Amino acid sequence: MENKSGILLDSGTNEVEFLEFLLGETSFGINVLKVREIIKPVAVTKIPHSHANVEGVLELRGEVLPVINLRRALEIEDKCQYPEQKFIVSEFNGMKVILKVDHVTQIHRVSWSDMEKPASFQQGFEDHITGVIKQESKMILLVDVEKIMFDIFPNLDKEAARMDKNVKPERRDKKILVAEDSFMLRKLLEETLQAAGFEHTLFFENGKEAWEYMVTEVKNGQEQVDLLITDIEMPQMDGHHLTKKIKSDSFLSGMPVIIFSSLITDHLRHKGEQVGADAQISKPQLTKLIDLIDSKLL
950 MENKSGILLD
960 SGTNEVEFLE
970 FLLGETSFGI
980 NVLKVREIIK
990 PVAVTKIPHS
1000 HANVEGVLEL
1010 RGEVLPVINL
1020 RRALEIEDKC
1030 QYPEQKFIVS
1040 EFNGMKVILK
1050 VDHVTQIHRV
1060 SWSDMEKPAS
1070 FQQGFEDHIT
1080 GVIKQESKMI
1090 LLVDVEKIMF
1100 DIFPNLDKEA
1110 ARMDKNVKPE
1120 RRDKKILVAE
1130 DSFMLRKLLE
1140 ETLQAAGFEH
1150 TLFFENGKEA
1160 WEYMVTEVKN
1170 GQEQVDLLIT
1180 DIEMPQMDGH
1190 HLTKKIKSDS
1200 FLSGMPVIIF
1210 SSLITDHLRH
1220 KGEQVGADAQ
1230 ISKPQLTKLI
1240 DLIDSKLL
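Every number in my numbering is 949 more than the matching position in the sequence shown, counting from 1.
Calculated from the structure, these hints are not laboratory results. Source: prediction; values computed, not measured. Check before you lean on any hint, since a few could be wrong.
Unchecked claim - With a cut-off of at most 20 Å between alpha-carbon atoms, the simulated EDC-like pairs for lysine to aspartate or glutamate come out as follows:
id	residue 1	residue 2
1	Lys1035	Glu974
2	Lys1066	Glu969
3	Lys1045	Glu1004
Stated by the list, open to error - Just the calculated beta-carbon pair ranges, DEER-fashion:
id	residue 1	residue 2	range
4	Gln1223	Gly973	25 to 31 Å
5	Pro1118	Asp959	40 to 46 Å
6	Leu1151	Pro997	42 to 48 Å
7	Ser1197	Gly973	31 to 37 Å
8	Ala1001	Gly973	28 to 34 Å
Even for Gly, the Cβ is constructed at its ideal location relative to N, Cα and C.
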């Protein structure tokens, strides 16, 4: 899994490749871009007073990484049917973690337009699912690993409280559009932007809804948007495809686009550059996000 050059997609195609794995009898998926490798389970060092979903830590090539028990995090009680579980070494939000799963099956390539928003699952479960792929014999649930990490490390979202309280008055007249499928991140971004003095913000749950607003409201002159913040992973239309459509449009191309995603790493940054993003920043660097907005607008 370390060398994925043969399966990485071109930027802006609105397609995603995800790794399918099993927890109990349920199929889950994680974006291949977040997967560094898959390894056999090794001895884990227990950490006193750690979160219940953290099984411990292990050293891998000189790095000490936390091991997250996904079965426990998702409250799945089915027994593991496989003699040996698997460790998925994953990187996102500027950090590396190991995800413990029951079994790894295969890689699927799908269009984001074919991925449905999760319907009602059991209480609390839907908060950890970002999309559903329906196949003939099963459903594959795209797991929100960022939400799981926020549950374990809640201080990851406290940066907004440390932001500079000196609000720049020029911010209040700017209108910012945000495309983000996570309710938690939408709420966090709304609070952060309002605290920074941006009074005019508009949120959409995916790139398709944001693009439709651009076409129906902005291009005809009824509304003006000064800047777009977009996630990458979203059902219906991802952030790379949204950015490519905006930058390919003669009327909208001058609008600054900031990609705010857990997938911004040194070896993936080129994908945003290919579609014309004006800036890219990894979640959850909120202070740096505000600084980036200022640099594009003020």
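Checked hints:
1. Lys1035 x Glu974: With a Cα-Cα distance of about 15 Å, the restraint between Lys1035 and Glu974 holds, given a limit of 20 Å.
2. Lys1066 x Glu969: 18 Å, holds
3. Lys1045 x Glu1004: 15 Å, holds
4. Gln1223 x Gly973: 25 to 31 Å: 39 Å, violated
5. Pro1118 x Asp959: 40 to 46 Å: 43 Å, holds
6. Leu1151 x Pro997: 42 to 48 Å: 46 Å, holds
7. Ser1197 x Gly973: 31 to 37 Å: With Cβ atoms ~44 Å apart, the hint is violated.
8. Ala1001 x Gly973: 28 to 34 Å: About 18 Å separates the Cβ atoms of Ala1001 and Gly973, which means 28 to 34 Å is violated.
Violated hints, listed in ascending order, are 4, 7 and 8; each of the other numbered hints is respected by the structure.
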